[in-house]
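Model the placement of chain B on the given structure of chain A, informed by the hints.
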Amino acid sequence: MELNQYLEMFIEESKEHLQSCSDNLLELEKNPNDLAIVNEIFRSAHTLKGMSATMGYEDLADLTHKMENVLDAIRNEKIHVDAEILDVVFESVDHLEEMVMNIADGGDGKKDVSQTVAKLKRIESGESIQQESAPSETAASEAAATTTALDNALQLEYDDFEKTVLLQSTEQGFNAFEISVTLNDGCLLKAARVYMVFDILEKNGDVVKSSPTVDKLEEEQFDQDFKVALISQTDAEELRSKIMKVSEVDNVAITQISKDLFVQSALGESEASVESAVDEGPIAAQVEVKKEETNQKTASAKHAASKTIRVSIERLDILMNLFEELVIDRGRLQSIATEVNHSELNETVERMSRTMGDLQNIVLTMRMIPIETVFNRFPKMVRTLSRDLKKKINLEIIGAETELDRTVIDEIGDPLVHLIRNSVDHGIESPEVRRANGKPEEGNVTLRAYHSGNYVFIEIEDDGAGINRERVLKKAISKGIVTKESALSLSDKQINELILASGFSTAEVISDISGRGVGLDVVKTTIESLGGNISIESTEGVGSIFSIQLPLTLSIISVMLVEIELEIYAIPLSSIIETSIIKNSDILNAHNQKVIDFRGKVVPLIFLDEIFNVPRSENDADEYHSVVIVRKGDKLAGLVVDTFIGQQEIVLKSLGNYLTNIFAISGATILGNGKVALIVDCNALMK
Amino acid sequence: MTAVEQEYLKVIVFQLADKEYAIPVSNVQGIEKLMHITRVPKTPAFVKGVINLRGVVTPLIDLRERFGIPVSNNEETTRIIIITLEEMEVGFIVDSANDVLDIPVNAIEAQPEVVGSNEEDFISGVAKLENRLLILLHLDKVLNP
Chain A
19 MELNQYLEMF IEESKEHLQS CSDNLLELEK NPNDLAIVNE IFRSAHTLKG MSATMGYEDL
79 ADLTHKMENV LDAIRNEKIH VDAEILDVVF ESVDHLEEMV MNIADGGDGK KDVSQTVAKL
139 KRIESGESIQ QESAPSETAA SEAAATTTAL DNALQLEYDD FEKTVLLQST EQGFNAFEIS
199 VTLNDGCLLK AARVYMVFDI LEKNGDVVKS SPTVDKLEEE QFDQDFKVAL ISQTDAEELR
259 SKIMKVSEVD NVAITQISKD LFVQSALGES EASVESAVDE GPIAAQVEVK KEETNQKTAS
319 AKHAASKTIR VSIERLDILM NLFEELVIDR GRLQSIATEV NHSELNETVE RMSRTMGDLQ
379 NIVLTMRMIP IETVFNRFPK MVRTLSRDLK KKINLEIIGA ETELDRTVID EIGDPLVHLI
439 RNSVDHGIES PEVRRANGKP EEGNVTLRAY HSGNYVFIEI EDDGAGINRE RVLKKAISKG
499 IVTKESALSL SDKQINELIL ASGFSTAEVI SDISGRGVGL DVVKTTIESL GGNISIESTE
559 GVGSIFSIQL PLTLSIISVM LVEIELEIYA IPLSSIIETS IIKNSDILNA HNQKVIDFRG
619 KVVPLIFLDE IFNVPRSEND ADEYHSVVIV RKGDKLAGLV VDTFIGQQEI VLKSLGNYLT
679 NIFAISGATI LGNGKVALIV DCNALMK
Chain B
495 MTAVEQEYLK VIVFQLADKE YAIPVSNVQG IEKLMHITRV PKTPAFVKGV INLRGVVTPL
555 IDLRERFGIP VSNNEETTRI IIITLEEMEV GFIVDSANDV LDIPVNAIEA QPEVVGSNEE
615 DFISGVAKLE NRLLILLHLD KVLNP
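From first to last, the protein sequence lines stand for chains A and B. Each position in the first sequence, counted from 1, maps to that position plus 18 in the working numbering. Each position in the second sequence, counted from 1, maps to that position plus 494 in the working numbering.
If you're looking for bench data, these hints aren't it; they were derived computationally from the structure. Keep in mind that a hint or two might mislead.
Quick list of the computed label-pair ranges, beta carbon to beta carbon [stated by the list, open to error]:
hint, chain 1, residue 1, chain 2, residue 2, range
1, A, Phe681, B, Gly562, 16 to 26 Å
2, B, Asn638, A, Leu407, 40 to 50 Å
3, B, Glu569, A, Ala122, 26 to 36 Å
4, A, Glu365, B, Asn638, 48 to 58 Å
5, A, Asn455, B, Asn638, 52 to 62 Å
6, A, Glu30, B, Lys504, 37 to 47 Å
7, B, Asn638, A, Asn339, 44 to 54 Å
8, B, Asn638, A, Val620, 37 to 47 Å
9, B, Ala511, A, Glu30, 56 to 66 Å
10, A, Ser470, B, Glu569, 52 to 62 Å
11, A, Ser371, B, Ala511, 28 to 38 Å
12, A, Lys410, B, Arg548, 35 to 45 Å
13, A, Ser259, B, Arg548, 49 to 59 Å
All C-beta atoms in this analysis are idealised placements derived from N, C-alpha and C, irrespective of residue type, glycine included.
Bound conformation, chain B alone:
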């Protein structure tokens, strides 16, 4: 048998309600536990405020709010995923972040036509892995309305 050279995309997998989402590792700076958030007035509802991330003031986006999923109470598992995109550093509040996976690039399919939920605008594709379905986020669209 010859080992077939396959391209993989390394992603961070996180959970929102009952779905699993993925962000490329290259965009992720770190994962933090919830800490004190300072509310910033006159910002969209999904901007939860800013945190002190080791001396850098970093804004937080609540992804549930952004995707129109009913907001749950903060639980033990809630995490902040710090992502960077084009000079921007932003934290995503997610239900839990639990996996780092290598997705074969050929397992990624374009966004299905009918998803039927509010987050469809933010999806760049879906990846089918055995019995899991990972939704790949389009970071640009999540950050820029």
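In isolation and in its complexed conformation, chain A is listed as follows:
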């Protein structure tokens, strides 16, 4: 069988399932009694096992199988969830992730996981992880389990949990069916047929139970028929015809499970346990509500799934490139139309420009990805970090659905890792210190993302120690980052931001989590290279907020085109505050620096022709100067140019791999006339 074509899909889906496993595991850690979550994890693990076995990744399937066994035991309340068990399960998920990544990189997904497997086995057999296993007993109990399973064959019996689930779902208007499927006598690939039937069933509802068990079905340990209990909104006839479409299925019999069956027994039992279970009441209710929620969630997810298609990123990139070409041509058409000045041509070009604007919005939003794809690795990271550091930390994520262009998403991951590590390591104090300071032992780190205007804001907030400004200043002066004199005039915010300067590290002890003093200035550089900026607010003893502002996209930006002699430069609109014309007499001198008084503020002037060494043909001292006022953080500067040309949407192009790190130039673009114009990097002009 040609598996290559499925490989990509397999990798994608495996990643999704593993992600859902770790998400749910974290959830389970918070609510160790919520069996609905265990079910979710079990389902993901189970699908993963099936997929990897089909694709021939034995190690992957094997480890998932072992993990599944443990989950099954938890589900059946044979094992009680504790931190030790979760650690091992987390460890297995980590191994699984590594294997999948290995497969994605073209490897064979093999990995020695015998230690983890041994641990899983010990948990499964109910022993403490440290102890050696006693295999004889396990074998015996397993054998016993097999016999009972055989006895139960072809006869669905429901335990309390399943009864409750069935009862609940019928009350909510779902149908509960018992479906018995008979396969053809000559059926060769029974497991495959079973898989196809289950696939159909799972698309139409939730499988509550099957007989023989799913494991046995997959191992073809059954004759020709099997039974399944299903909760579904689809009616019986439709289900029947769908299942019959699977080849080699001989017969499908569907019976509605009569309410009385489980209502009676469930009621009987609940009556019996009512008195004893008064205290447990609220908890049980909670569990059920959760279950309900997940049901609704899956229902809505399915609903949404039918309306989307998967498109490879490559194709979207091609679309984007083609659209960029169009943007350049539009610029060209516009300049031709202005030259020709033909009314009909003008009208058409204008209409085309409007349509292109709409098209641009759509193309750009199509490439948007929820920031979730970056955020979802953080809960596990914070968990591991807090265990390593012996701190108690609760990570809250808000606005994970906020969408950003893929180009930005690709770059933002590492800076965020640095910042979160920083908050966990330096921000949040140890439980002892927190208690001494009258704070709750558990520290909070909040990761928040939201849109505002043409920007996306990402904030990392912690309720830790905050920044000790005196210590920061002392350190910065000793490292020569600021002088003693200039330190006096710094605002609180500027002092906070000193920790982003290169060569700065306040942690007395260098840990491998953060604190080599390279992290934060790399963060700052990366964010600025993305056209964004970072600021810090902090109150000592209360906590800090690191706030990142990022542009929505990096590929098409609005600029102001300006002319200096014969050269055209583009200044990003995002850093422009306004433009103005000043007279020679407005220019003042302060310490060899020409400045102007701009709305009561002293703004330094930067003569772009000097900065860029523009060759001047003649020296006509003009009495008026065109000035573009730009901003970086709360600093202003005036860029002096010859003339303003106007505002335009341009496609950002890199200068290639040969010309890198050119002072004050962040890239280039192609103008309507086919010439290249350079984009001014305002951040570099203001230090």
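Below, chain B without anything else, positioned relative to chain A:
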């Protein structure tokens, strides 16, 4: 007579002042006429600027300037040879590009000890062909100072 299997190196031949130079065809993407160049400030003098090569912004190196040969005025024959090397795409400004040749590999000799000009650092070898002397460029050294 038996046809002796001989290895050839296909090169693009171009002219700078009075000398002929060669670059392997495998490194050459195309040859363009001179077009509008946008100057890039704060770059070495031999970087003339960037051009729009069918939508790709491509930097240009003036080889005369790079080799310390006095710069001539642009003439009709001036060409831009677009070369690629390890993900880099760069254009060389040359006096003229006029030939594609197959050089027998055994005609290539190591760089002579005494060349006596500034470009000696950029030469990987010389090839003698009848009455022509072709200088093979060491692209890595031309691009990376």
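Here is what the structure says about each hint:
no.: 1; hint: A/Phe681 - B/Gly562: 16 to 26 Å; in the structure: 25 Å, holds
no.: 2; hint: B/Asn638 - A/Leu407: 40 to 50 Å; in the structure: 44 Å, holds
no.: 3; hint: B/Glu569 - A/Ala122: 26 to 36 Å; in the structure: 55 Å, violated
no.: 4; hint: A/Glu365 - B/Asn638: 48 to 58 Å; in the structure: 53 Å, holds
no.: 5; hint: A/Asn455 - B/Asn638: 52 to 62 Å; in the structure: 56 Å, holds
no.: 6; hint: A/Glu30 - B/Lys504: 37 to 47 Å; in the structure: 44 Å, holds
no.: 7; hint: B/Asn638 - A/Asn339: 44 to 54 Å; in the structure: 29 Å, violated
no.: 8; hint: B/Asn638 - A/Val620: 37 to 47 Å; in the structure: 44 Å, holds
no.: 9; hint: B/Ala511 - A/Glu30: 56 to 66 Å; in the structure: 58 Å, holds
no.: 10; hint: A/Ser470 - B/Glu569: 52 to 62 Å; in the structure: 56 Å, holds
no.: 11; hint: A/Ser371 - B/Ala511: 28 to 38 Å; in the structure: 50 Å, violated
no.: 12; hint: A/Lys410 - B/Arg548: 35 to 45 Å; in the structure: 59 Å, violated
no.: 13; hint: A/Ser259 - B/Arg548: 49 to 59 Å; in the structure: 56 Å, holds
Violated hints, listed in ascending order, are 3, 7, 11 and 12; each of the other numbered hints is respected by the structure.
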